[in-house]
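Novice: Given next are the chains, with one letter for each unit.
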Amino acid sequence: MIPEIGNFSLIIALAVALFLATVPLYGAQKNNLQLMQFSRYAVVAQFFFVLVSFLALVYSFTIDDFSVRYIATNSNSALPMIYKISAVWGAHEGSFLLWLLILSIWSMAVAYFSKSLPISMTSRVLAVMGMLSIGFLLFIIFTSNPFERLFPAPMDGRDLNPLLQDPGLAIHPPMLYMGYVGFSVVFSITIAGLISGQLDSAWARWSRPWTVIAWVFLTLGIALGSWWAYYELGWGGWWFWDPVENASFMPWLIGTALLHSLIVTEKRGAFKSWTVLLSLIAFSLSLLGTFLVRSGVLVSVHAFASDPTRGSFILAFLVFVIGGSLMLYAIRGSSMSGGGHFNLFSKDTFMLLGNILLSVACAMVLLGTLYPLLDQMIDLGKLSVGEPYFNAVFVPIMLPALVIMSMAPLMRWKSDRFERVFKQMLIPLAVALSVGIALFFIEKGSVMISVSVGLAALIVSSVVMSFINRVKSKSVGSALKKIPLSFYGMNLAHIGVAVFIVGVTFTESMSLQKDLRMEQGDTISLGGYAFTFEGADSHQGPNYIAYEGAVSIIDPEGESIGVLTPQKRVYQVRGMPMTEAGIDAGLFRDLFVALAEQLENGAWSLRIYYKPFIRWIWLGCILMALGGFIAVMDKRYRLRVAK
Amino acid sequence: MNPKRKNRLILVLLILAGVGAAVTLGLKALDQNLLYFFSPTQVKAGEAPIDHSFRLGGLVSNGSVQREKDGLTIHFDITDGAETIAVTYTGILPDLFREGQGIVATGKIDGSTKDGKTHFIAEEVLAKHDENYMPPQVQEALDKAHEDGKKKLAENAAADAAKTAIQTTEQSAAQGGTAQ
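Quick mapping for you: the protein sequence lines, in order, are chains D and V. Just so you know, we're using our numbering here: the first sequence kicks off at 41 and counts up by one. Just so you know, we're using our numbering here: the second sequence kicks off at 212 and counts up by one.
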C-alpha cells in the first residue's frame, strides 16, 4: 500500500510540475499577477508530493518490504538501520528520486528567498526549474520506478552493495547532488534572464549566492567521495581520474570559473555573455555527469548500474536541455551589452585569464573522459585514457592559475600599474622563493615539490598581504571588523587551495608503500615506524564475516601508537569480499594497513602505507567550502526577506 | 588602431596562444597515454604491440592461479574461450579477483612465451566492484570468441555432412570421433 502511495504522489507531482512549468511563464508574459503567484504554491505542492514519495520509499526500506523490486535488490533484513536508509539512494532508481527531492528543495529555497525580487523574474525561474522536474519525473516514472513490485516477493533482499555500507558514502551522494542540482538554480536564473532579456548586474548579484552555495556542496561532495575512495576502495589512493570522478570535477571547475566571473559581471558589468555561457555549461556538465555515471557508457569503478534505455532517455534530455539553452543563448546572447572597458593590466584581465585556465582545464578533462567514447563510436578499437594523461595536462594548466590567484586579489579593477602590484607582491614573492629554495635543499632537488609548495606559500602570503593593506593605519581590531565577510570567505577559500596543494604535493611525492608477506610476529619498518603483524582472527559482523588482523605500531621515538585492526570481510548475502583498511590518521601523516590475502600457515600478504600530509587534501577542501559559506553569509547577499 | 582595440587584440592573441599551447600539450599527452584493449584471441593473432602497455581482458581460467613463495607473485591464465594467455603479476590483487571472474589487466608482452602460451606481464589487475559485473569489453570478447567457435563448429559439421554423403557410415563415424 505504502509503495503505491509513493508512486501515486510521483504522478501527482508530475501533474503539478506540468502546471508549474507553463502557467507562471504565461503569467509573466501577460503580466498577470495571479498566474505568476501560482508558481509559489505549485512549488510547495510539488515539494510536498515528492517528499511523500521519498518518505514512502524510506519507510518501505525500513520495514523490509521486499515485494518492491528496488528494495529486494538493494537491501536485506540483516542490514543495519542506517544503511537501510542510505540504501534508498544506494542505487539508480532511488538516487534519481533523491535528485528530484533535492531539485524541489532548491525550488522551495528559491521561492522563499526571492521575495525581494520582481515576481515576474521569480515565476520564470521557478517555471524553468519546473521543466527540469518534468524531465526527471518522466524519467523516474517511466524508466526507473523505484516502487515497481516484484512478484512473488522474495524472502529476503539481495543486500546493499557492501562498498556502499559506509557512513561516508551515506552522505556523499546527497552532498554531491546538492551541488549538481544547485547549479540548476543559476541555470534557471540565466534562462529566465535570457527569456526576459534582463541580464544586468542585479542578475549577477542574485546569481552569486546560489552559485557559491551549490559550489560549497559540490566541493564537500567531491571531497567526501575522495575520502571514501581512500579508505573504502582499499588501496590508499585519493583520486583516480576515473570517469565518474571527472564527471563531478568538471562542473566544479566550471562552477569555480563561474563564481569568479559573476564577481566581474556584478562589479564591472563585464564578461556578460561569458558568464551566461558558464552558467549554462555548469549545469549541463552536471547533467552530463549524471548521464556518464548512470548510463554505463563508460567503464568505471563506479558504474554501479547500467541500462541502455535509461541512457538514451538521459541523452535525449541532455540534448534538449543543452541544445535548447544554447539555442536561446545564440538568439538572445547578441543583445547583451559589452560593459565597461578595462586596461590590459587590471584585475578584470586577470580574472578573465583565471577563468580561461579553469575552462581549458575542464575541456582537457572532458576530452580525456569522452575520448574513449568517441573512439568507440568511430570504431577504432577499445581504448582507455590513463591517469598520466590527466596529470600531464592538468598540472601545467593549474600552475599559472595559481600565480594568477595570488595576484588578482591584490590588483585594482579597470586599470592598475605593474610597479604598484609588483611592490605589493614583493614580500609574498620573497616568502615563496625562500620556501621553494629551502625545500629544494631539504628534499634533495625535487623541483616539483619546491614549485608547488612555493606557490602555496605565495598564495598564503599574498592573502596576508591583502589583510595588511586593509588594516593599514587603523587600529587592527576595528579594521578587521569593518572588512566584509565575503573578503574573509574569499581568503579562507584561497588558503584552502594552498593547503590542498601542500597535501597533494607531499602525498604524491613522499608516500611510502610496501606490499609484503608477513607471518605472525614479523616486523617491518616503513618511514621510521615499526609495524608488527600480530596475526589475524575471525570476526563476526552484523551481515558479514571477517578476518581481523592486528598490526601494532611503534613510532620513530620508540613509543607505541597502538594496534590497527584491518579487516578482510565477506558479506554473506552477496558473497562479496571487501577490504577494510586500518588507518591511524594524523595531521602530518597517515599510517594505513590493509589485509590483502590469506596465505598458508596463518601468514597474510599486507599492504602498508606511510602517507604524509594526506589529511591536508580534504582539510583544504573543507576550508574552501567554509570560505564559500562565509562569503554567502555576507550582509550584501543576505537576501532581504522583510522589506 | 586606437588603444582600446589594441588592448583587446593583445588580450585575444594571448588567450589564443595559451589555449593553443594547452590543446597541443593535451593532444600530445593523450597520444602517449592511450591504452588499447585486446582480447586473448587478438593477442594470439599478433594484433597487440610488443613492449608497449595495453589492456588484456578475459576470464581467469579455472585452476590456473599459482602463487609463488613470496606470497605476492602470482601466475594465472586469462582466456576468452578461444585462446589463453599466461599472466604474471606481482602485487596485491583486487578483492574480487578469483578463478572464473572477468578481469582486465594492464601490462605488456615482450614476445616471450610461458608454458607454450604468450606471456603477459601485468602491472595492474582490475576486477569490478560488483560480483555480477562483467566488463563490457570482456563480455564482447567472450561473445565474439563464442560466435567464432560456433561458426567453426557449424563449418566443420557442414564439411562432415558433405563427407558423410560420399563416405560409408563407419568411416564418417570414425571422422566424427577425430573431429572432437
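Just so you know, these hints were derived from the structure itself, not from any lab. A hint or two may mislead.
Claimed, not checked - Computed far set for chain V versus chain D, every beta-carbon distance over 10 Å:
id	residue
1	N218
2	K255
3	G257
4	G274
5	D281
6	A297
7	I332
Claimed, not checked - Simulated pairs of lysine to any residue, SDA-like, Cα-Cα distance not exceeding 25 Å:
id	chain 1	residue 1	chain 2	residue 2
8	V	K280	D	K155
9	V	K319	D	F507
10	V	K355	D	D415
11	V	K280	D	K454
12	D	K155	D	V84
13	V	K280	D	A590
14	D	K675	D	F507
15	V	K239	V	A256
16	D	K454	V	L225
17	V	K328	V	Y247
18	V	K239	D	T563
Stated by the list, open to error - Quick partial rundown of chain V residues pointing at chain D, CB under 10 Å, derived from the structure:
id	residue
19	V230
20	A233
21	L241
22	Q243
23	I261
24	T301
25	K325
Glycine residues also receive a C-beta, built at the ideal position from the N, C-alpha and C atoms.
Novice: It remains to establish, for every hint, whether it holds in the given structure.
Specialist: Checked hints:
no.	hint	in the structure
1	N218	violated (5 Å)
2	K255	holds (16 Å)
3	G257	holds (15 Å)
4	G274	holds (18 Å)
5	D281	violated (6 Å)
6	A297	holds (20 Å)
7	I332	holds (16 Å)
8	V:K280 x D:K155	violated (73 Å)
9	V:K319 x D:F507	violated (55 Å)
10	V:K355 x D:D415	holds (20 Å)
11	V:K280 x D:K454	violated (70 Å)
12	D:K155 x D:V84	holds (15 Å)
13	V:K280 x D:A590	holds (23 Å)
14	D:K675 x D:F507	holds (20 Å)
15	V:K239 x V:A256	violated (29 Å)
16	D:K454 x V:L225	holds (18 Å)
17	V:K328 x V:Y247	holds (21 Å)
18	V:K239 x D:T563	violated (45 Å)
19	V230	holds (6 Å)
20	A233	holds (5 Å)
21	L241	holds (6 Å)
22	Q243	holds (7 Å)
23	I261	violated (17 Å)
24	T301	holds (8 Å)
25	K325	violated (22 Å)
Hint compliance for this structure: hints 1, 5, 8, 9, 11, 15, 18, 23 and 25 are broken, all remaining hints hold.
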